[in-house]
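Listed below are the residues making up each chain.
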Amino acid sequence: VKLLIFSLRTFTKKSTKIDSLLLDKHGDYIAAYGSKKDDYEYTLSEYLRMSGIYWGLTVMDLMSQLPRMNRQEIIDFIKACQHDCGGISASIGHDPHLLYTLSAVQILCLYDSVDALDVDRVVEYVKGLQQEDGSFAGDKWGEIDTRFSFCAVATLALLGKMDTINVDKAVEFVLSCMNFDGGFGCRPGSESHAGQIYCCTGFLSLTGQLHQLNADLLGWWLCERQLPSGGLNGRPEKLPDVCYSWWVLASLKIIGRIHWIDKAKLRMFILACQDEETGGFADRPGDMVDPFHTLFGVAGLSLLGDEQIKAVNPVLCMPEDVLQRIGLQPDLLS
Amino acid sequence: MFDKVAGVSCFESVLDRKEWADLEPVRQDDGPNPVVKIAYSEKFSDVYDYFRALLKNDEKSERAFALTADAIELNAANYTVWHYRRVLLQALSKDLREEMRYITAIIEEQPKNYQVWHHRRMVVEWLNDPSEELEFIADILSQDAKNYHAWQHRQWVIQEYKLWDDELEFVENLLEEDVRNNSAWNQRHFVISHTTGFSDAAIVEREIQYCLNQIKKAPHNESAWNYLKGMLQDRGMSSQPGLLERVLELKETHCSPYLLAFLFDCYEDALENSVQRENAEEDERKETLKKALEICELLAQEKDTIRKEYWQFLGRSLKNRFVTGGSSDEPDVAESSGKQESN
Numbered sequence: 001v002k003l004l005i006f007s008l009r010t011f012t013k014k015s016t017k018i019d020s021l022l023l024d025k026h027g028d029y030i031a032a033y034g035s036k037k038d039d040y041e042y043t044l045s046e047y048l049r050m051s052g053i054y055w056g057l058t059v060m061d062l063m064s065q066l067p068r069m070n071r072q073e074i075i076d077f078i079k080a081c082q083h084d085c086g087g088i089s090a091s092i093g094h095d096p097h098l099l100y101t102l103s104a105v106q107i108l109c110l111y112d113s114v115d116a117l118d119v120d121r122v123v124e125y126v127k128g129l130q131q132e133d134g135s136f137a138g139d140k141w142g143e144i145d146t147r148f149s150f151c152a153v154a155t156l157a158l159l160g161k162m163d164t165i166n167v168d169k170a171v172e173f174v175l176s177c178m179n180f181d182g183g184f185g186c187r188p189g190s191e192s193h194a195g196q197i198y199c200c201t202g203f204l205s206l207t208g209q210l211h212q213l214n215a216d217l218l219g220w221w222l223c224e225r226q227l228p229s230g231g232l233n234g235r236p237e238k239l240p241d242v243c244y245s246w247w248v249l250a251s252l253k254i255i256g257r258i259h260w261i262d263k264a265k266l267r268m269f270i271l272a273c274q275d276e277e278t279g280g281f282a283d284r285p286g287d288m289v290d291p292f293h294t295l296f297g298v299a300g301l302s303l304l305g306d307e308q309i310k311a312v313n314p315v316l317c318m319p320e321d322v323l324q325r326i327g328l329q330p331d332l333l334s
Numbered sequence: 001m002f003d004k005v006a007g008v009s010c011f012e013s014v015l016d017r018k019e020w021a022d023l024e025p026v027r028q029d030d031g032p033n034p035v036v037k038i039a040y041s042e043k044f045s046d047v048y049d050y051f052r053a054l055l056k057n058d059e060k061s062e063r064a065f066a067l068t069a070d071a072i073e074l075n076a077a078n079y080t081v082w083h084y085r086r087v088l089l090q091a092l093s094k095d096l097r098e099e100m101r102y103i104t105a106i107i108e109e110q111p112k113n114y115q116v117w118h119h120r121r122m123v124v125e126w127l128n129d130p131s132e133e134l135e136f137i138a139d140i141l142s143q144d145a146k147n148y149h150a151w152q153h154r155q156w157v158i159q160e161y162k163l164w165d166d167e168l169e170f171v172e173n174l175l176e177e178d179v180r181n182n183s184a185w186n187q188r189h190f191v192i193s194h195t196t197g198f199s200d201a202a203i204v205e206r207e208i209q210y211c212l213n214q215i216k217k218a219p220h221n222e223s224a225w226n227y228l229k230g231m232l233q234d235r236g237m238s239s240q241p242g243l244l245e246r247v248l249e250l251k252e253t254h255c256s257p258y259l260l261a262f263l264f265d266c267y268e269d270a271l272e273n274s275v276q277r278e279n280a281e282e283d284e285r286k287e288t289l290k291k292a293l294e295i296c297e298l299l300a301q302e303k304d305t306i307r308k309e310y311w312q313f314l315g316r317s318l319k320n321r322f323v324t325g326g327s328s329d330e331p332d333v334a335e336s337s338g339k340q341e342s343n
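The listed protein sequences correspond, in order, to chains G and U. If you count the first sequence from 1, position 209 lands on 209 in full-length UniProt numbering, and the numbers rise without skipping. If you count the second sequence from 1, position 182 lands on 182 in full-length UniProt numbering, and the numbers rise without skipping.
FYI, nobody ran anything at the bench for these hints, they're computed from the structure. Hints are supplied without guarantee of correctness; some may be wrong.
If you want the footprint, here are the derived chain G segments under chain U, 3+ residues with CB under 8 Å [stated by the list, open to error]:
| # | region |
| --- | --- |
| 1 | 92-98 |
| 2 | 175-182 |
| 3 | 187-194 |
| 4 | 222-229 |
For every residue, glycine included, the Cβ atom is placed at its ideal position computed from N, Cα and C.
My request is simple: use the sequences and hints to build the entire structure.
Written as structure tokens, this is what we have:
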């Protein structure tokens, strides 16, 4: 009988759909992250720590719970991660990289403490990564990817220093990555992928070049990501994942076609990705949660208009009020 | 491989190794005020404490090289370790072919790791020898035919070393196995656009035939329809004689929302062309417009309701452009009037 009751309970628990937003639970999850549980996972993600902090702080700010985080400790940590070349690493003792340079600048913008960095050196670092064809390497080892084009212009836009790179050449490279289906990949010829599309539309917004897109064609490709479950995938014939609720949705918002998604169905999918016990969001219902999917689940809900969450900027994935304070309003198509 | 469940492994503690006795390990430093406390497993802290010591001393030695392999085994995503390994490969003039075997083993275990693929590319460049690559990538793709890293690496190898010859055949074999593999369809476009190109009418006809054959096998296939549309949109759908008829025929037995969307595109293209032809039949135009609008209605109400907003937008913008012979209606007028409704 005990066994029967146990399996009945398990079955019942799994089939209960979560249809409300558990903001307090998510705040508790992020505030406690790394301090006691899941140490092994935390250790393994040290190589992306700076981005991990950006995800955590941003979602807390969107949920109006930023004061729960340790501002000074984080600023000191970032200072210790800036290298002589100006670039910033994921953590202490790691090498600098564009990805973590952007995350660090985003965090300092949240905290209005950009002066914690040697800004001129950051700019030199970013500038030094631009290649002859306009593309950007991620670091001195030369991997080229449109993600890094986005990181470069986002970093410089937040610092107000976009004019230090060759913007025209940078645009030329990104446009050369536009595919026959209207989407973008990581390099010219690469398969269209929602994550890369987000980076490229964000890039084109920041460089004032959104008119170069075929917005109807791209918008159609993006709204095709919605599956019958309401969730979004990243390319044709793949599974849905809550983080695509951000990459796809933000892209649609940037090109002015967010209404082409069935919002109600997407909202239901995102809410179902929450974990009622631990807080946080997973990639899809029932899986393990992490800060990455938590940010993009909450940010996606914000784009869908949830009034319990602060407005999020679709280009930079930062609270709108932070960007207003800085005076940065990237273009959006209407 | 490291046994995370037991937390115990047969890995001998670095502390026990005589050859490390001279080195002072560097404990993890999380800054002046640690953001959070971190509890490591013993083995992990062993290896990484010594790794940090090596980095600090900028030591370039065999033991350092060996330790990078331990560090990678514990956390293959740590890009700083890969960097250091590359520095050591060059400083110690290591055997790069042996390195290729090592990289192959790591990728087989962790095929979605960015760092190891980039590392492979660097070593292939240093060796200037791509001879193993196509076969290796084919093997990885046989385990996951959509691995994004594998495809990027493949495109780089083919383009860099001009290995186009057998690629179309490779793509066709993959599509035989899974006609819905979007990566393979993308690769098809990649190969053709870099070799014969799409301007030759015979090539276009061949590709249309190929697409329609694949669609017959699996009608609900977004990739095939995307490919077909992508290939034709610049030349114009109605530039292909007989294509509309073939698609209408397919509609009877192999219909899908994608087929209907494609038909819409054909009708839209025909309407655009008839605007330019002065002697265009008014009745014919009206009929084409009616059919196009019916498709939008069918998709919005029945066949693809989740994208209702999109199909209704298409219908409205078509009406705005082509109803009552308004030849001054530019596409962006249609867009703005369409978008005055909610965003």
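We went through each hint and held it up to the structure:
Figure legend: the region 92-98 of chain G, annotated as covered by chain U; annotation consistent (5 residues with Cβ-Cβ distances under 8 Å, at least 3 required). Only when three residues or more bring their CB closer than 8 Å to a CB of chain U does the claim for the region 175-182 of chain G stand; here the count is 3, and the claim holds. Taking a C-beta to C-beta cut-off of 8 Å, the region 187-194 of chain G contributes 6 residues in contact with chain U, enough for the three needed, and the coverage statement holds. Given a C-beta distance limit of less than 8 Å, the hint that chain U covers the region 222-229 of chain G holds, as 4 residues qualify and 3 suffice.
Hint compliance for this structure: every hint is met.
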